[in-house]
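Asker: Kindly produce the complete structure, drawing on both the sequences and the hints.
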Amino acid sequence: SQTIHQWPATLVQPVGSPLSLECTVEGTSNPNLYWYRQAAGRGLQLLFYSVGIGQISSEVPQNLSASRPQDRQFILSSKKLLLSDSGFYLCAWSPGGAGQPQHFGDGTRLSIL
Amino acid sequence: SQKIEQNSEALNIQEGKTATLTCNYTNYSPAYLQWYRQDPGRGPVFLLLIRENEKEKRKERLKVTFDTTLKQSLFHITASQPADSATYLCALAPPNSGYALNFGKGTSLLVTP
Chain W
1 SQTIHQWPAT LVQPVGSPLS LECTVEGTSN PNLYWYRQAA GRGLQLLFYS
51 VGIGQISSEV PQNLSASRPQ DRQFILSSKK LLLSDSGFYL CAWSPGGAGQ
101 PQHFGDGTRL SIL
Chain E
1 SQKIEQNSEA LNIQEGKTAT LTCNYTNYSP AYLQWYRQDP GRGPVFLLLI
51 RENEKEKRKE RLKVTFDTTL KQSLFHITAS QPADSATYLC ALAPPNSGYA
101 LNFGKGTSLL VTP
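Quick note, the sequences are listed as chains W and E, same order.
FYI, in our numbering the residues of the first sequence are 1 to 113.
FYI, in our numbering the residues of the second sequence are 1 to 113.
Simulated from the structure, these hints should not be mistaken for lab results.
Worth double-checking, as some hints may not be accurate.
Unchecked claim - Not close to chain E: a few residues of chain W, all C-beta gaps over 12 Å, as computed:
no. : residue
1   : 14
2   : 24
3   : 27
4   : 53
5   : 71
6   : 77
7   : 78
As the list claims (entries may be wrong) - Pairwise CB distance ranges, derived in the manner of DEER restraints:
no. : chain 1 : residue 1 : chain 2 : residue 2 : range
8   : E       : 41        : W       : 69        : 37 to 43 Å
9   : E       : 2         : W       : 82        : 32 to 38 Å
10  : W       : 55        : E       : 61        : 35 to 41 Å
11  : W       : 27        : E       : 10        : 23 to 29 Å
12  : W       : 83        : E       : 15        : 38 to 44 Å
13  : W       : 77        : E       : 95        : 24 to 30 Å
14  : E       : 62        : W       : 3         : 21 to 27 Å
15  : W       : 96        : E       : 3         : 37 to 43 Å
16  : W       : 43        : E       : 54        : 23 to 29 Å
17  : E       : 52        : W       : 83        : 38 to 44 Å
18  : E       : 52        : W       : 69        : 35 to 41 Å
19  : E       : 110       : W       : 15        : 35 to 41 Å
Stated by the list, open to error - Distance condition first, Cα-Cα at most 20 Å in a straight line; then the derived SDA-like pairs of lysine to any residue:
no. : chain 1 : residue 1 : chain 2 : residue 2
20  : E       : 71        : W       : 99
21  : E       : 105       : W       : 85
22  : E       : 105       : W       : 87
23  : E       : 55        : W       : 99
24  : E       : 3         : W       : 99
25  : E       : 55        : W       : 101
26  : E       : 59        : W       : 47
27  : E       : 3         : W       : 47
28  : E       : 3         : W       : 106
29  : E       : 63        : W       : 101
30  : E       : 63        : W       : 100
31  : E       : 105       : W       : 59
32  : E       : 105       : W       : 106
33  : E       : 55        : W       : 100
34  : E       : 105       : W       : 82
35  : E       : 3         : W       : 45
36  : E       : 105       : W       : 41
37  : E       : 105       : W       : 42
38  : E       : 3         : W       : 39
39  : E       : 105       : W       : 56
40  : E       : 105       : W       : 84
The beta-carbon is built from N, C-alpha and C at its ideal position, and this holds for glycine as well.
Answerer: And the structure:
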């Protein structure tokens, strides 16, 4: 069966520090991969999605970036965190193709001080 | 602009009753609509997908309807149980993207014994 792993579960970072969140999927090949952010009291905001290695679509302009160095690995990065980057970050995968259900990891709670 | 609207107020119902949650959308022409469940501090879990040519879909105690004329989906939980208490999210694919999903902010459901 397919599984998705996200780490760390919680992270506290100072303003201006870099960020790297990692997500890996097991048990499937060529998945679509997604990064979302959920701020307190707000809905899920799609940040990036990828339909293949090296293919990244950005939905929201910001100081975050994403990379997909391997088929089942998706990384969310920032060079300098802002206070507004605080939130709950979720990685998800879906089978290749359009109109597929998405399967989420357990998320990373990021607090910026 | 596209909007997905779900009842922002929490829905409180008694165990055994049917819970009905609403999802309205504007400026979408979706080929399908998805429903997810999210528990506090966890990632959303996929429940059901309904396509534009399907009026109704069922899965155990869950039923989803999809009215593309009214631009509305209804999500029903019959014989509700306290374990059904969670936030329920509806999601649609934005125009020109068959891969990404836009989520509503969700409706919180509380089932009391």
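Asker: Which numbered hints does this structure break?
Answerer: 8, 9, 11, 15, 26, 28, 34 and 39
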